[in-house]
Structures are given as structure tokens and as C-alpha cells.
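Number of protein chains: 2
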Amino acid sequence: MFKINDNYLKLPGSYLFSTIAKKVAAFEKANPDKKIIRLGIGDVTLPLAPAVITALHTAVDEMGGKNSFKGYAPDQGYEFLRRAIIDNDFKTRGVELDLDEVFVSDGSKSDAANIGDIFSVDNKIGVCDPVYPVYVDSNAMSGRAGSYVAETERWDNLIYMPCKEENGFAPEFPQEVPDIIYLCFPNNPTGSTIKKDQLQEWVDFANKNKSVIIYDAAYEAYISEADVPHSIYECEGAKTCAIEMRSFSKNAGFTGTRLAYTIVPKDLLCGGVSVNGLWARRHGTKFNGAPYIIQKAGEAVYSEEGKKQTAEQVAYYMKNAKLIREGLAEAGYSVSGGINAPYIWLKTPNNMTSWEFFDHLLEKANVVGTPGSGFGPNGEGYFRLTAFGSYENTVAALDRIKKL
Amino acid sequence: MFKINDNYLKLPGSYLFSTIAKKVAAFEKANPDKKIIRLGIGDVTLPLAPAVITALHTAVDEMGGKNSFKGYAPDQGYEFLRRAIIDNDFKTRGVELDLDEVFVSDGSKSDAANIGDIFSVDNKIGVCDPVYPVYVDSNAMSGRAGSYVAETERWDNLIYMPCKEENGFAPEFPQEVPDIIYLCFPNNPTGSTIKKDQLQEWVDFANKNKSVIIYDAAYEAYISEADVPHSIYECEGAKTCAIEMRSFSKNAGFTGTRLAYTIVPKDLLCGGVSVNGLWARRHGTKFNGAPYIIQKAGEAVYSEEGKKQTAEQVAYYMKNAKLIREGLAEAGYSVSGGINAPYIWLKTPNNMTSWEFFDHLLEKANVVGTPGSGFGPNGEGYFRLTAFGSYENTVAALDRIKKL
Chain A
15 MFKINDNYLK LPGSYLFSTI AKKVAAFEKA NPDKKIIRLG IGDVTLPLAP AVITALHTAV
75 DEMGGKNSFK GYAPDQGYEF LRRAIIDNDF KTRGVELDLD EVFVSDGSKS DAANIGDIFS
135 VDNKIGVCDP VYPVYVDSNA MSGRAGSYVA ETERWDNLIY MPCKEENGFA PEFPQEVPDI
195 IYLCFPNNPT GSTIKKDQLQ EWVDFANKNK SVIIYDAAYE AYISEADVPH SIYECEGAKT
255 CAIEMRSFSK NAGFTGTRLA YTIVPKDLLC GGVSVNGLWA RRHGTKFNGA PYIIQKAGEA
315 VYSEEGKKQT AEQVAYYMKN AKLIREGLAE AGYSVSGGIN APYIWLKTPN NMTSWEFFDH
375 LLEKANVVGT PGSGFGPNGE GYFRLTAFGS YENTVAALDR IKKL
Chain B
15 MFKINDNYLK LPGSYLFSTI AKKVAAFEKA NPDKKIIRLG IGDVTLPLAP AVITALHTAV
75 DEMGGKNSFK GYAPDQGYEF LRRAIIDNDF KTRGVELDLD EVFVSDGSKS DAANIGDIFS
135 VDNKIGVCDP VYPVYVDSNA MSGRAGSYVA ETERWDNLIY MPCKEENGFA PEFPQEVPDI
195 IYLCFPNNPT GSTIKKDQLQ EWVDFANKNK SVIIYDAAYE AYISEADVPH SIYECEGAKT
255 CAIEMRSFSK NAGFTGTRLA YTIVPKDLLC GGVSVNGLWA RRHGTKFNGA PYIIQKAGEA
315 VYSEEGKKQT AEQVAYYMKN AKLIREGLAE AGYSVSGGIN APYIWLKTPN NMTSWEFFDH
375 LLEKANVVGT PGSGFGPNGE GYFRLTAFGS YENTVAALDR IKKL
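Protein chains in written order, with this note's numbering: chain A, 15 to 418; chain B, 15 to 418.
Honestly, the hints are just simulated from the structure, not real lab data.
Please note: incorrect hints may appear among the correct ones.
The list cannot tell twin chains apart, which means a pair is met if one copy fits it or any two copies do.
[Claimed, not checked] Below, computed lysine to any residue pairings styled on SDA-like, alpha-carbon distance capped at 20 Å:
#1 K37 x E377
#2 K48 x E319
#3 K36 x A294
#4 K80 x E326
#5 K36 x V109
#6 K336 x S288
#7 K378 x R414
#8 K36 x D89
#9 K321 x L23
#10 K280 x L113
#11 K49 x T254
#12 K222 x I18
#13 K416 x E340
#14 K17 x G286
#15 K378 x E167
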């Protein structure tokens with residue numbers, strides 16, 4: 015008789031964004047005349063850049079030609095894309111990488127969730143609180159999180175690193191040393207970042223304790239300040255302790271186009287075994303490459319035109335971020351984020367819970383955001399707004415919020 | 015200190031296709047004047063159908079438009095594609111499915127490898143021998159296969175179901191009942207199929223024993239005989255015991271375009287728990303949807319034009335298959351497959367091992383095939399040729415083989 019993976023049954027049922035969707039749908043039904051503005055989910059809205067569109071058309075034509083058609087892609091991705099990644103995202107920051115340290119994939123969500131495959135179930139996991147739910151859920155599914163305790167809203171075998179106003183939303187070294195540490199900077203959901211010397215301390219901590227850092231840099235393109243690291247490999251010694259994930263979703267609007275990559279340095283060893291080799295094996299056995307035409311689209315992001323056009327998109331969103339941040343501050347809210355990230359993290363007023371504020375904002379301003387408590391217990395009393403809406407909607411939303 | 019997943023270290027090192035690639039490269043270097051014909055890897059060669067190319071261009075333009083741009087896709091895939099799948103692949107065969115029983119993904123390799131996530135590590139796995147290596151390797155990685163024994167070339171905790179000439183390359187019910195049974199029909203690598211009444215026996219066996227069948231129907235489009243089932247759900251009771259995987263790779267040439275789907279019926283339960291719900295959770299947490307433009311390409315496969323054009327491609331390859339099968343038989347080889355599948359499985363002559371025949375064919379005919387032993391110990395003494403080459407190359411290869 016077959017048996018299911020019981021760890022799945024431990025996952026708490028309701029999911030943040032589906033609850034939001036239900037609440038919004040109910041409000042819309044009851045108030046068909048109200049125009050709702052959504053600043054909740056982290057999905058982009060601007061169309062793909064012209065350089066990307068041109069590259070896609072060209073690649074589609076190749077797929078239709080007898081001599082230019084492409085079958086299975088190389089396991090780790092086409093060399094043209096991996097070369098462009100290394101030259102543009104790393105060499106420019108003084109980081110040298112080999113081609114076989116780059117793994118092209120269909121998304122950072124997949125990579126962040128699948129990376130656990132190559133590690134033992136016995137590892138103790140450290141996550142920030144609040145946190146992007148995929149790190150937690152994927153570890154819960156594989157049995158690393160222990161049991162979910164409804165009263166504390168926490169898994170009993172995870173190490174939580176609170177990110178609160180008091181510590182500038184930056185995690186502190188936990189008392190119990192995690193074997194695997196998930197860090198995401200610029201951060202989702204808080205929009206916070208840490209400086210290079212702070213990240214260096216995490217690298218030193220990991221190397222000293224033989225921990226591995228899973229570094230999610232999906233929002234790297236939004237960094238505007240000079241002393242914020244774009245890659246963890248800018249820190250000394252990171253190649254012996256860190257895996258870095260990057261996505262084309264937020265810097266080039268690929269949320270519905272799907273392309274990402276993960277760096278696993280060959281210097282990252284466990285008892286002499288190369289973690290790079292394990293991920294290569296995983297990639298080769300359980301994945302069959304990203305589509306050729308999408309990889310060509312990714313290459314176009316690194317063309318001169320592509321870089322210019324996608325930088326303009328990021329600037330557009332960051333103009334929204336500035337608007338939200340400054341508008342909220344003006345209205346008396348305590349806000350962070352929005353300077354090196356497309357997320358603004360605000361403290362709910364009058365000691366409202368995150369969900370109370372969600373309802374308040376939906377009902378009174380017809381604006382949808384994301385309750386901070388959905389990202390973990392230390393997100394309670396906070397609220398996330400995103401800069402991915404249109405400028406016009408963002409202006410309108412802020413006007414409504416200011417009038418509350 | 016972090017720990018790796020030790021199961022990865024049990025995997026035997028060298029990989030079938032990389033060994034082939036090395037041997038071919040060495041031969042090419044030593045014999046630069048010889049023109050090698052590759053009938054080895056199961057990769058398609060015809061360009062994407064015109065209807066698919068048109069759909070891709072249209073979808074690319076949508077991604078470049080302010081009001082038609084698409085961000086994150088629905089978790090399980092766009093409804094237009096799932097609807098087309100149900101109407102064309104199932105309703106036409108008398109199988110009713112609900113929309114939420116269809117999960118669109120980036121490939122059957124991913125699905126076949128990832129499906130293990132939702133099952134306990136304690137399940138006993140049954141696989142055919144020879145077998146598509148992904149079923150074995152993915153279970154080995156998760157610890158279900160036990161240890162690899164070099165002498166027997168087998169994992170000590172798998173149940174092997176030999177597929178040999180004596181049983182028409184169809185597996186027989188194993189003495190020890192597997193909890194999870196992987197079946198692939200039409201089969202890779204043997205090209206064999208089973209009739210509907212034979213598949214019904216497997217469904218009955220699974221239901222009786224509360225086993226689950228992972229049914230890989232990637233080569234369904236190549237079925238030419240009337241009594242061969244296209245879907246396992248044509249069998250009575252299959253919805254309570256079977257998961258079916260389908261791919262766009264071989265029926266529409268999507269190996270480098272990446273699209274597939276998996277059916278998990280809501281009637282498939284384990285102790286009252288819906289397996290469909292588990293896979294939905296896995297899909298939602300560890301995957302972020304197939305690209306919009308690729309899903310539109312998949313939809314076009316089901317258009318009138320698309321069906322006609324892709325059927326012509328399949329016919330083209332099957333003409334090759336016939337050529338290989340009949341040519342080899344004429345030359346005195348014992349062959350099977352090639353009637354309902356693009357693979358021809360031949361018995362090596364003169365008691366040669368699979369690799370001896372590989373070398374023989376490479377050196378004397380400059381033709382590359384795949385040694386049967388690479389798919390499992392019961393593949394020893396067999397050899398796989400594929401119908402995915404060009405017609406001209408297939409003719410030339412057969413001429414050379416006949417002259418041996």
C-alpha cells in the first residue's frame with residue numbers, strides 16, 4: 015500500500031494570497047462601484063522590453079527553421095547566456111566565476127525550493143522572520159521544519175531570526191547555529207538591505223561554523239545605495255559557504271516568462287564532496303533546461319539596448335516606491351524599504367493587527383496590500399505595499415491612503 | 015556543520031549519454047573524414063510546426079503590449095490550455111477530467127522526477143528493466159532505492175520487472191508488490207506497447223494492492239494500432255490508482271521549448287487524503303508556472319492546423335521507424351518496437367554486448383545508437399535506434415548497417 019509524504023499534512027492550510035484574493039472578491043461583489051487598486055502581490059506590470067521582444071521573435075523564427083531549430087538545451091543552460099551572466103552580473107563587480115558554476119533554470123522559486131534536495135534532511139535551517147514562505151514550506155515538505163505549532167505560528171525545528179524595527183529589519187546571529195541559512199537581500203517582504211560589511215560578517219559566521227548560506231538576490235536590480243552588495247561573492251570567502259540565486263523576474267519583468275539562475279561555486283565543499291557536482295546531478299536528472307527562446311530573451315537583457323530598457327523599467331517602479339515611501343511618511347506612517355527594493359514595509363497605525371489594517375485599507379481606501387503577519391509572526395503589525403503597480407494607480411492609492 | 019544528501023553519493027558516476035558523447039568525439043578526432051550519423055538520443059529534429067510558430071509570435075507581441083502583458087501564470091496552468099488538453103487528449107477517448115486534475119509543467123522529466131516529493135520515502139518502488147533512468151535516479155536521490163550494487167548493476171531496494179524478448183518486452187506482475195509502479199507505454203527504450211486488456215490488468219493489480227501507477231505516456235502520439243490505449247484512464251478504475259504524464263516534446267517537437275502536463279485524479283486517495291491536493295501544494299510551492307508564450311504554443315498544437323501539422327511530423331518520424339525496423343529485419347536482425355513508438359530495439363548479433371555493438375556500429379558504419387545495457391541489466395545484448403533523424407540520414411544509416 016502506497017504512503018504519502020506526511021510532512022505535507024503538517025502544512026497549515028490557508029495560503030496568504032488565496033485568503034487575500036477571497037477577501038477582495040467578496041468586497042468587490044458587495045461593492046461593485048468601487049475601483050480597487052492592488053499594491054499587494056509582487057508581480058510586475060510593465061510589458062517586456064523591446065530588445066527582449068525582438069530577441070524572442072528572432073528565436074521563434076529560429077525554432078521554425080530546418081537548420082536553426084533547437085532541441086534539448088544543455089543541462090546547465092546555453093553558454094551564450096551563462097557567459098553574459100558572468101560578464102555582466104559578476105565580472106563588473108570583481109567576481110570571477112567559471113561557466114560550470116552557473117545553472118540556468120525556470121525560476122528562483124523552483125531553485126529556492128529545490129535546493130534542499132541536495133542537502134540532508136538532518137540539517138537545521140535558519141530563516142528570517144518575516145520571510146518569503148517558499149523557504150519555510152519547502153523545508154517543511156522535506157521534513158526539516160519539524161511540526162507546526164499553531165499557537166506560536168512557528169515550526170518547532172526551525173531557527174527563526176527576527177527582523178524587527180529594533181534591529182533595522184536585519185537578522186542577528188542566532189544562538190543556535192543553523193546548518194543552512196536563508197538570506198534574502200534586498201529583502202522580501204521588508205524591503206530592507208544590509209551593507210557589505212554586515213554581509214561579510216554573515217559570510218565569516220558561515221565559514222567559521224561550516225554553515226551554508228542560500229542567498230536570494232532576486233531584487234538586486236533595485237539597489238540604489240553604493241555600499242549595499244549586489245552579490246554575496248563580493249564578500250571575502252563567500253565561495254566556500256554560499257549559493258546565490260538570481261532571477262530575471264523583477265529586473266526584466268520575466269514573472270510570466272520564467273528565467274533565473276543559481277550560482278554554486280566549486281569551492282563549496284562538504285567533507286571533500288563538491289556541492290556544485292551534486293546540484294549538477296540534480297539539474298541533469300530532474301530538470302531539462304529552460305526553453306531556448308527564453309534563454310535568448312535572457313541574453314537580450316544583457317545587450318546594450320536591453321540593459322538601458324530594463325534599467326528604465328526598474329527606475330519606473332522605484333519612482334513608485336519613492337512615492338509610496340514618502341507619501342506614507344508624510345501621512346504619519348512609520349515606513350522602511352523602498353530605497354533598495356520595490357517593497358515598502360509599513361507599521362500599522364493604532365496597534366492594528368496586519369489583517370485589521372488589511373480590512374481597513376480595503377474597505378476605506380479600496381487599496382489591497384499584503385498583511386505582514388502572512389510572512390511570519392514577526393511580521394504582525396506590519397504591512398507590505400509593492401511598487402509594481404502603474405504610476406497612476408500608485409498616485410491614486412496614496413491619495414486615498416492619505417485621506418484616511 | 016551542514017550535511018549533504020548522501021544518497022547522491024550512491025549514484026554510479028558515469029552517465030550513459032556522456033559516455034557516448036566522449037566515444038563519438040574520440041572517434042571523430044581520429045577519423046575526421048568520416049561522416050557520422052546519429053540515431054542515438056531521443057531528440058527531435060524537425061522545426062516547430064507553422065501553427066505553433068504563429069502562436070508564439072502572437073504571444074510574444076502580447077508580452078510586449080501594455081494591456082496584453084502577462085505576469086505570473088496560474089499555478090496549474092492557463093485554463094485555455096488545460097481546457098484544450100481535456101477536450102482533445104481525453105474527451106475524445108471517453109475520459110472525463112476536471113480542470114483541477116490537470117497540472118501544466120515545464121516537462122515530463124521534471125514531473126517524473128519530482129512526483130516522488132509527495133510520497134513517503136518508505137514506499138517500495140517497482141520499475142521496468144530496461145528503464146528510462148530518471149525514474150530510478152530520482153528515487154535513488156530521495157533514498158528509496160537503497161544501495162547500488164555494482165556487480166548486479168542494480169539498486170538493492172528496488173523491485174525490477176524484467177522486459178525481455180520472452181515476455182514481449184512487457185513487464186509481469188512482480189512477486190513482491192510495489193507501492194509505486196512506474197510504467198511507460200509506448201516504452202522508452204524498447205518501443206514496445208501493451209494492449210488495453212493488459213493495461214487493465216495493471217490497473218486492477220494496483221487497485222487490489224493499493225499501489226499507485228506513475229504512467230508515462232510521452233510517446234502516445236506514435237501509437238498506430240487500434241487496441242493500444244492512449245491514456246491509462248481508458249481502463250476502468252484507473253482514476254483511483256494512476257497518475258498520467260504527457261509531454262509536448264515528442265508529438266510536437268517541444269524538447270527545446272518545454273511543455274508537459276500531469277494528470278492527478280481527485281479520486282486518487284491515500285487514507286482519505288487527496289493526492290491531487292498534495293501535488294497542487296507541491297506545484298504551488300516549488301514551481302511558478304510554464305511561460306505564457308509556451309502555453310500559447312501548446313494551445314496551438316490543438317488547433318486544427320496544429321493537429322494536422324504535428325501529425326505530419328509524427329508520420330515523418332514513423333516513416334523512419336518503419337525504414338529502420340524493416341531494413342534491420344531484412345539484414346537479419348531481431349527487432350521490436352517502431353510500430354507504436356519512435357524507438358527500435360534490436361538484439362545485438364553474435365552475442366555481442368551492447369557496448370561492443372556500439373563500438374562496432376560506430377567504427378564500421380559510423381552510426382551512433384544507444385547501448386541497451388545503459389537502461390538496465392536486462393537491456394544488455396540490446397541496442398536502441400531512434401526514428402528522430404532526417405529521412406536522408408536514416409536511409410544512409412540503414413544502407414551502411416546492411417553492408418556490415
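These are the hints, each one checked on the structure:
For a Cα distance limit of 20 Å, the shortest separation of K37 from E377 inside one copy, 10 Å, qualifies, whereas the shortest one across copies, 69 Å, does not. Proximity of K48 to E319 under the C-alpha cut-off of 20 Å is found in neither arrangement, the shortest distances being 40 Å within a copy and 44 Å between copies. Taking identical chains as interchangeable, the C-alpha atoms of K36 and A294 lie at most 20 Å apart only when they sit on different chains, with a minimum of 18 Å there against 41 Å within one chain. For the identical chains of this complex, K80 and E326 are inter-copy neighbours only, at 15 Å across copies versus 37 Å inside a copy, given an alpha-carbon limit of 20 Å.
Taking the shortest alpha-carbon separations for K36 and V109, neither the intra-copy value of 46 Å nor the inter-copy value of 32 Å comes in at or below 20 Å. Proximity of K336 and S288 under a CA criterion of 20 Å is satisfied in neither setting, with 43 Å inside one chain copy and 46 Å between copies. With identical chains, the CA atoms of K378 and R414 are at most 20 Å apart within one copy only, with a shortest distance of 8 Å there and 79 Å across copies. In this assembly of identical chains, the alpha carbons of K36 and D89 lie at most 20 Å apart only when taken from different copies (16 Å versus 40 Å within one copy).
Taking identical chains as interchangeable, the C-alpha atoms of K321 and L23 are never at most 20 Å apart, the minima being 45 Å within one chain and 41 Å between chains. For the homomeric pair K280 and L113, the shortest alpha-carbon distance inside one copy (11 Å) is at most 20 Å, but the shortest distance between copies (44 Å) is not. For a Cα distance limit of 20 Å, the shortest separation of K49 from T254 qualifies neither inside one copy, at 52 Å, nor across copies, at 45 Å. Only between protomers do K222 and I18 lie at most 20 Å apart by alpha-carbon distance; the minimum there is 18 Å, versus 38 Å within a single protomer.
For the identical chains of this complex, K416 and E340 are intra-copy neighbours only, at 11 Å inside a copy versus 79 Å across copies, given an alpha-carbon limit of 20 Å. For the homomeric pair K17 and G286, the shortest alpha-carbon distance between copies (11 Å) is at most 20 Å, but the shortest distance inside one copy (35 Å) is not. For the identical chains of this complex, K378 and E167 are neighbours neither inside a copy (29 Å) nor across copies (68 Å), given an alpha-carbon limit of 20 Å.
In summary, the structure is inconsistent with hints 2, 5, 6, 9, 11 and 15 from the numbered list given earlier, while agreeing with the others.
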